[in-house]
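Residue numbers (the working numbering), protein chains in the order written: chain A, 16 to 445; chain B, 16 to 445.
Please note that a few of the clues may not be correct.
Because identical chains cannot be distinguished in the list, a pair is counted as satisfied if it fits within a single copy or across any two copies.
[As the list claims (entries may be wrong)] Below, a list of computed lysine-lysine pairs in the DSS-like style, where the Cα atoms sit at most 30 Å apart: (1) Lys319 to Lys309; (2) Lys436 to Lys353; (3) Lys246 to Lys300; (4) Lys353 to Lys394; (5) Lys246 to Lys372; (6) Lys224 to Lys354; (7) Lys353 to Lys24; (8) Lys24 to Lys372; (9) Lys380 to Lys24; (10) Lys24 to Lys177; (11) Lys234 to Lys24; (12) Lys177 to Lys47; (13) Lys343 to Lys177; (14) Lys380 to Lys47; (15) Lys343 to Lys353; (16) Lys319 to Lys177.
Rather than coming from a laboratory, the hints here were simulated on the basis of the structure. These numbers come from a predicted model, not from an experiment.
Okay, here's what each chain looks like letter by letter:
Protein chains: 2
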Amino acid sequence: MRMVDLIEKKRAGEVLSEKEIDFIIKGYVEGKIPDYQVSAWLMAIFFQGMNNNEAAYLTKSMLNSGDVIDLTMIDGVKVDKHSTGGVGDKTTLVLGPLVASLGAKLAKLSGRGLGHTGGTLDKMESIPGMRFALTEEEFINQVNRINIAVAGQTKKLVPADKLLYALRDVTGTVPSIPLIASSIMSKKLASGADVICLDVKIGDGAFMKTIEDARELSKIMVSIGKAFDKKVTAFITSMEEPLGFAVGNRLEVKEVIETLNGKGPIDLENLCVSIAGYMVFYAEKADSLDAAIKMARENLHNGKALAKFYEFIAAQGGAIDSLDDFVKTEQVLPYKAKKSGYIKTIKALNIGLASMKLGGGRETKEDEIDPMVGIVLAKKVGDNVTQGDVLANIYANNSVNEDIITLLDEAYQIIDEPVGKTDIIKEIIS
Amino acid sequence: MRMVDLIEKKRAGEVLSEKEIDFIIKGYVEGKIPDYQVSAWLMAIFFQGMNNNEAAYLTKSMLNSGDVIDLTMIDGVKVDKHSTGGVGDKTTLVLGPLVASLGAKLAKLSGRGLGHTGGTLDKMESIPGMRFALTEEEFINQVNRINIAVAGQTKKLVPADKLLYALRDVTGTVPSIPLIASSIMSKKLASGADVICLDVKIGDGAFMKTIEDARELSKIMVSIGKAFDKKVTAFITSMEEPLGFAVGNRLEVKEVIETLNGKGPIDLENLCVSIAGYMVFYAEKADSLDAAIKMARENLHNGKALAKFYEFIAAQGGAIDSLDDFVKTEQVLPYKAKKSGYIKTIKALNIGLASMKLGGGRETKEDEIDPMVGIVLAKKVGDNVTQGDVLANIYANNSVNEDIITLLDEAYQIIDEPVGKTDIIKEIIS
Numbered sequence: 016m017r018m019v020d021l022i023e024k025k026r027a028g029e030v031l032s033e034k035e036i037d038f039i040i041k042g043y044v045e046g047k048i049p050d051y052q053v054s055a056w057l058m059a060i061f062f063q064g065m066n067n068n069e070a071a072y073l074t075k076s077m078l079n080s081g082d083v084i085d086l087t088m089i090d091g092v093k094v095d096k097h098s099t100g101g102v103g104d105k106t107t108l109v110l111g112p113l114v115a116s117l118g119a120k121l122a123k124l125s126g127r128g129l130g131h132t133g134g135t136l137d138k139m140e141s142i143p144g145m146r147f148a149l150t151e152e153e154f155i156n157q158v159n160r161i162n163i164a165v166a167g168q169t170k171k172l173v174p175a176d177k178l179l180y181a182l183r184d185v186t187g188t189v190p191s192i193p194l195i196a197s198s199i200m201s202k203k204l205a206s207g208a209d210v211i212c213l214d215v216k217i218g219d220g221a222f223m224k225t226i227e228d229a230r231e232l233s234k235i236m237v238s239i240g241k242a243f244d245k246k247v248t249a250f251i252t253s254m255e256e257p258l259g260f261a262v263g264n265r266l267e268v269k270e271v272i273e274t275l276n277g278k279g280p281i282d283l284e285n286l287c288v289s290i291a292g293y294m295v296f297y298a299e300k301a302d303s304l305d306a307a308i309k310m311a312r313e314n315l316h317n318g319k320a321l322a323k324f325y326e327f328i329a330a331q332g333g334a335i336d337s338l339d340d341f342v343k344t345e346q347v348l349p350y351k352a353k354k355s356g357y358i359k360t361i362k363a364l365n366i367g368l369a370s371m372k373l374g375g376g377r378e379t380k381e382d383e384i385d386p387m388v389g390i391v392l393a394k395k396v397g398d399n400v401t402q403g404d405v406l407a408n409i410y411a412n413n414s415v416n417e418d419i420i421t422l423l424d425e426a427y428q429i430i431d432e433p434v435g436k437t438d439i440i441k442e443i444i445s
Numbered sequence: 016m017r018m019v020d021l022i023e024k025k026r027a028g029e030v031l032s033e034k035e036i037d038f039i040i041k042g043y044v045e046g047k048i049p050d051y052q053v054s055a056w057l058m059a060i061f062f063q064g065m066n067n068n069e070a071a072y073l074t075k076s077m078l079n080s081g082d083v084i085d086l087t088m089i090d091g092v093k094v095d096k097h098s099t100g101g102v103g104d105k106t107t108l109v110l111g112p113l114v115a116s117l118g119a120k121l122a123k124l125s126g127r128g129l130g131h132t133g134g135t136l137d138k139m140e141s142i143p144g145m146r147f148a149l150t151e152e153e154f155i156n157q158v159n160r161i162n163i164a165v166a167g168q169t170k171k172l173v174p175a176d177k178l179l180y181a182l183r184d185v186t187g188t189v190p191s192i193p194l195i196a197s198s199i200m201s202k203k204l205a206s207g208a209d210v211i212c213l214d215v216k217i218g219d220g221a222f223m224k225t226i227e228d229a230r231e232l233s234k235i236m237v238s239i240g241k242a243f244d245k246k247v248t249a250f251i252t253s254m255e256e257p258l259g260f261a262v263g264n265r266l267e268v269k270e271v272i273e274t275l276n277g278k279g280p281i282d283l284e285n286l287c288v289s290i291a292g293y294m295v296f297y298a299e300k301a302d303s304l305d306a307a308i309k310m311a312r313e314n315l316h317n318g319k320a321l322a323k324f325y326e327f328i329a330a331q332g333g334a335i336d337s338l339d340d341f342v343k344t345e346q347v348l349p350y351k352a353k354k355s356g357y358i359k360t361i362k363a364l365n366i367g368l369a370s371m372k373l374g375g376g377r378e379t380k381e382d383e384i385d386p387m388v389g390i391v392l393a394k395k396v397g398d399n400v401t402q403g404d405v406l407a408n409i410y411a412n413n414s415v416n417e418d419i420i421t422l423l424d425e426a427y428q429i430i431d432e433p434v435g436k437t438d439i440i441k442e443i444i445s
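Could you put together the complete structure from these sequences and hints?
In structure tokens form, the structure reads like this:
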């Protein structure tokens, strides 16, 4: 087999076999196939795509390039969740304790964020004392004991994905749906869960810009999951405006606690309840999906999910003594409406970038995050506002420069006609 | 400027500027832009193409990556010719002495062949004594003295093309028409001629398979030539069957001599006369194109072109004492018709591969060529044959193995209905 022939085959729009795809991934990981051939192949995939079988074979080869976490020592059904990343997306932090409080097992490996969307690990690390460098034994014991544990990703998972992603990043081959699907699914499958819920964000602040792309990505990921005998459900959800009100690590953790206490933003609560319903039902902790969703809603309002949250952070060394001290910045600057009317848009990307520029996110891998800073919306899309009303509060430890204000100015569109609220979940594909 | 942005721009089908293309080529030649980004960019060009301006900018950047031959010391109009390569293509060897005999100046840098089509240099090197390592002074003096000189390509011409071609070869990005056009034109322009005739072959034995592709390639090359103020004419010619009768280095030289003596195959004579006509007319050695073509035909039949050939090879140290000794092989094996009828096809590719397998061509750069061996057709497409007639003679120095016979068997299609002869020149684009 010669790599150049396989490049030409894909370039011509033909379908590659399991053996051929494995030859490429193995050869690349072993250093036998050079970067320049793989990048040409990736660009051919960008243009010619991959069918569901090819994407599953690619996922399998990537998965086999490294370790696969063995969760068989955990009793019961293991659930996991992945989000394609959004601004103010603290879903996992709500969902984890919520499903754990209902008996599902969440054994989650989580990553850090880069750019305008934060990573779950960054958000949880903002809680003093939390540690994520768990041994495999600690990790498994904790899930068996309290149903939930979150650890940082080890370096041995899916090395092929790390290599391929680094190459895609510099060769203009990131936005290929089968490549995105294989990258996500190889990591999820390597993490060992039985039930996987995927939150595919669409809109301005998300990687997928259109419902069509999100649907294609969702379908191919669900199909890959089926090829591995996993229960995979994809939720296509809106990321036009930030999720909930808070953007910024500790500000988001505070909103998570409010949500687990039944007092969170309705969009965030609805999303978490729906995903939790699927997880709990597939984990066989409810007789029907409807019953599972009802149980999830209840546990957000009866204190059980919140109690599980505190149990979880305590198990990993974390503690929040006072919420007031937890989110204290040097200044809180109100950002006010320049005109009266109905909020038509709050561009999630702009809010995410503004929070990053305040110090709340990383522009490069080396940047340190200020966990306190961020932006908390006071109003959401559809709200009626009067000129001078506070639209958002800026939590800052340094002076707020003009760039940040410009990002906010350009984030908001206020119009005269009423604007309807839309559902957070657009489609569910399983 | 970042390479990844330029890859994405081309991937999206946008047009790159002169500055952007120059950034890429300079950066690549200087080792600042890595192979893996360039190969992704080349694959994006394969899918999205390049417009005429981009192709001209690419040609210019490649041209500027190395030396450009200065032919200003040669008096008069310098002509040059390029063929995309075909089986039995000895056009340059006829054309050179022919146009030189009519006063045009041919200062030609020529390359070696690889695969089933031989290079002009390989064919001329089969003449004992010929040397091609001329100094620049020798080269220019010879053209001034006898109107013709052929030298091997120096290593400093268009290094960007050498790098890009080597990368394209292993990344499935060879068959991109703007890349082919820029590669050919950068080398031709670096060679310094004023008038350039391009022989774009189509058909089974050629790189271009369809008239549409050949037309697109021709138009873009003519357009690039215009951007550099050169007179460029492209001839789209048939390579369904081999050109002339002879395939194999010395066998072809022998046919060249016959053609220069007015006794060559009619397809080869017609092609050479037509291209020579354009060269001589643009070199201002005739009042009209028709007059130039007439003069070219005459010089093939009055001995002047042949005399120029012997003058030319003598000037570079070559001599052919006896044509009989020149093409002597251990055996000459007739290949006979298996049925009676009209020859519908003689696949040029098969004849070329058969000759290569006899030892007449290189499979890899290191292979040594046996200049004696090859195949001489006895019949051409359209001829009426009877079972047992000799279709071709195989000139061999080793035993002729089954692979070679199979290639010949599959080359010929003989049918019951009469088959018309077609013109060698399909279109002329200027």
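Hint check:
Proximity of Lys319 and Lys309 under a CA criterion of 30 Å is satisfied intra-copy only: 14 Å inside one chain copy versus 100 Å between copies. Taking the closest pair of Cα atoms, Lys436 and Lys353 come within 30 Å of each other only inside a single copy of the chain (22 Å); across copies the shortest separation is 81 Å, beyond that limit. When the C-alpha separation of Lys246 and Lys300 is checked against a cutoff of 30 Å, the pair qualifies only within one copy, where the shortest distance is 15 Å, while the shortest distance between copies is 81 Å. For the homomeric pair Lys353 and Lys394, the shortest alpha-carbon distance inside one copy (14 Å) is at most 30 Å, but the shortest distance between copies (88 Å) is not.
Proximity of Lys246 and Lys372 under a CA criterion of 30 Å is satisfied in neither setting, with 39 Å inside one chain copy and 57 Å between copies. For the identical chains of this complex, Lys224 and Lys354 are intra-copy neighbours only, at 29 Å inside a copy versus 65 Å across copies, given an alpha-carbon limit of 30 Å. In this homomeric assembly, Lys353 and Lys24 never come within 30 Å of each other (Cα to Cα): the closest approach is 57 Å inside a single copy and 37 Å across copies. Within a single copy, Lys24 and Lys372 get their C-alpha atoms only as close as 45 Å, which misses the 30 Å cut-off; across copies the closest is 27 Å, which meets it.
For a Cα distance limit of 30 Å, the shortest separation of Lys380 from Lys24 across copies, 25 Å, qualifies, whereas the shortest one inside one copy, 37 Å, does not. Taking the shortest Cα distances, Lys24 and Lys177 sit within 30 Å of each other both inside one copy (25 Å) and across copies (25 Å). In this homomeric assembly, Lys234 and Lys24 come within 30 Å of each other (Cα to Cα) both inside a single copy, at 25 Å, and across copies, at 28 Å. In this homomeric assembly, Lys177 and Lys47 come within 30 Å of each other (Cα to Cα) both inside a single copy, at 17 Å, and across copies, at 23 Å.
For the homomeric pair Lys343 and Lys177, neither the shortest alpha-carbon distance inside one copy (37 Å) nor that between copies (62 Å) is at most 30 Å. Taking the closest pair of Cα atoms, Lys380 and Lys47 come within 30 Å of each other both inside a single copy (29 Å) and across two copies (23 Å). Taking the closest pair of Cα atoms, Lys343 and Lys353 come within 30 Å of each other only inside a single copy of the chain (27 Å); across copies the shortest separation is 95 Å, beyond that limit. Taking the closest pair of Cα atoms, Lys319 and Lys177 never come within 30 Å of each other, the shortest separation being 38 Å inside a single copy and 69 Å across copies.
Going through the hint list in order, the structure does not satisfy hints 5, 7, 13, 16.
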